[in-house]
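Each chain, written out:
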Amino acid sequence: AQKVTQAQTEISVVEKEDVTLDCVYETRDTTYYLFWYKQPPSGELVFLIRRNSFDEQNEISGRYSWNFQKSTSSFNFTITASQVVDSAVYFCALSEAPTGRRALTFGSGTRLQVQP
Amino acid sequence: KAGVTQTPRYLIKTRGQQVTLSCSPISGHRSVSWYQQTPGQGLQFLFEYFSETQRNKGNFPGRFSGRQFSNSRSEMNVSTLELGDSALYLCASSLEQGARSEQFFGPGTRLTVL
Chain V
34 AQKVTQAQTE ISVVEKEDVT LDCVYETRDT TYYLFWYKQP PSGELVFLIR
84 RNSFDEQNEI SGRYSWNFQK STSSFNFTIT ASQVVDSAVY FCALSEAPTG
134 RRALTFGSGT RLQVQP
Chain D
82 KAGVTQTPRY LIKTRGQQVT LSCSPISGHR SVSWYQQTPG QGLQFLFEYF
132 SETQRNKGNF PGRFSGRQFS NSRSEMNVST LELGDSALYL CASSLEQGAR
182 SEQFFGPGTR LTVL
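Line order of the protein sequences matches chains V and D. Using this note's numbering, you'd call the opening residue of the first sequence number 34 and step up by one each time. Using this note's numbering, you'd call the opening residue of the second sequence number 82 and step up by one each time.
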């Protein structure tokens, strides 16, 4: 069975601080996809990144970066120089790939509050 | 390109009633998935439709059902509502079946059961 753990329930930082959101996953599949989504107060889930299990390269997109480590089953997300607009709930998710099944297994989410 | 739209955005029902929620995917997207979000259980997968066929189903009772039309629009129905069905119901669309393409989520329908 798949499982995604986001141990940090809530994080509060001051603007311009760097912050890392942790994600640990469990799966028996050798091929899978990992995702991060952002959920602002409006409720809509906003896609941030997808990473497949064969691609362990870290990725940077502006102030966002992701660190994928298969050895520790982790897919952590770092926001550099945080801004108030980054305040949201962030979800890590896992999806099986080989069977073509769509279902995303989500973690419980980390609420990030960025104070001005 | 218009995003995923869901109607209605808010809904209040009483126990025992039934409800139908609607989702219009992004134009050209053929896969639609539904998720339930509650404070206690978090985000849970309900079902996925692709080309009018249910391809995958989560662990929910038979009171939860859905369908997809030829234009890819999807509806989900919950019969005999219970208090625990109060939740944000999110719909997501994607171009392809499976995990090869990203899912784009709509704003959700917030259902309150009294």
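Watch out, some of these pointers could steer you wrong.
To be verified - Distance ranges between label pairs, derived from CB positions:
hint : chain 1 : residue 1 : chain 2 : residue 2 : range
1    : D       : Q135      : V       : F80       : 38 to 44 Å
2    : V       : I93       : D       : Q99       : 44 to 50 Å
3    : D       : F141      : V       : D62       : 30 to 36 Å
4    : V       : N91       : D       : L195      : 45 to 51 Å
5    : V       : A114      : D       : S132      : 42 to 48 Å
6    : V       : Y97       : D       : R148      : 26 to 32 Å
What the hints assert, rightly or not - Computed list of chain D residues with no C-beta within reach of chain V, every gap over 10 Å:
hint : residue
7    : K94
8    : R96
9    : V100
10   : S114
11   : Q125
12   : S132
13   : G139
14   : F145
15   : L164
16   : L169
17   : L192
18   : V194
The hints are simulated quantities; they were obtained by calculation from the structure and are not laboratory data. Ideal Cβ positions, reconstructed from N, Cα and C, are used throughout, including at glycine.
Going down the list of hints, with the structure as the test:
1. Judged by the Cβ atoms, the range 38 to 44 Å given for Q135/D and F80/V is violated: they are separated by roughly 24 Å.
2. Between I93/V and Q99/D, the C-beta spacing of about 48 Å keeps the proposed range 44 to 50 Å intact.
3. A hinted range of 30 to 36 Å for the beta carbons of F141/D and D62/V is inconsistent with their spacing of about 23 Å.
4. Evaluation of the 45 to 51 Å hint for N91/V and L195/D yields a pass: the beta carbon distance comes to about 48 Å.
5. For A114/V and S132/D, the hinted distance range of 42 to 48 Å is satisfied, since their beta carbons lie about 45 Å from each other.
6. One distance hint, 26 to 32 Å for the beta-carbon pair Y97/V and R148/D, is violated here, with the actual separation near 37 Å.
7. Annotated as non-interface, K94/D keeps its C-beta farther than 10 Å from every C-beta of chain V; the closest such distance is 19 Å.
8. Non-interface status of R96/D relative to chain V is upheld: no Cβ of that chain comes within 10 Å, the nearest being about 24 Å off.
9. With 10 Å as the threshold on Cβ separation, the claim that V100/D sits away from chain V holds: the shortest Cβ distance comes to roughly 18 Å.
10. At roughly 5 Å from the closest C-beta of chain V, the C-beta of S114/D falls inside 10 Å, breaking its exclusion from the interface.
11. A beta-carbon of chain V comes within 10 Å of the beta-carbon of Q125/D; the shortest separation is about 8 Å.
12. The beta carbon of S132/D is kept farther than 10 Å from every beta carbon of chain V, the shortest such distance being approximately 13 Å.
13. With a closest Cβ-Cβ approach of about 7 Å to chain V, G139/D is found to fall inside the 10 Å limit, against its non-interface label.
14. No beta-carbon of chain V comes within 10 Å of the beta-carbon of F145/D; the shortest separation is about 14 Å.
15. The Cβ of L164/D lies farther than 10 Å from every Cβ of chain V, with a closest approach of about 21 Å, so its non-interface assignment holds.
16. With a least beta-carbon separation of about 6 Å from chain V, L169/D fails to lie farther than 10 Å from that chain, contradicting its non-interface assignment.
17. Separation of L192/D from chain V is adequate, the least Cβ-Cβ distance of about 12 Å exceeding the 10 Å criterion.
18. Every C-beta of chain V lies more than 10 Å from that of V194/D, the closest at about 18 Å, which supports listing it as non-interface.
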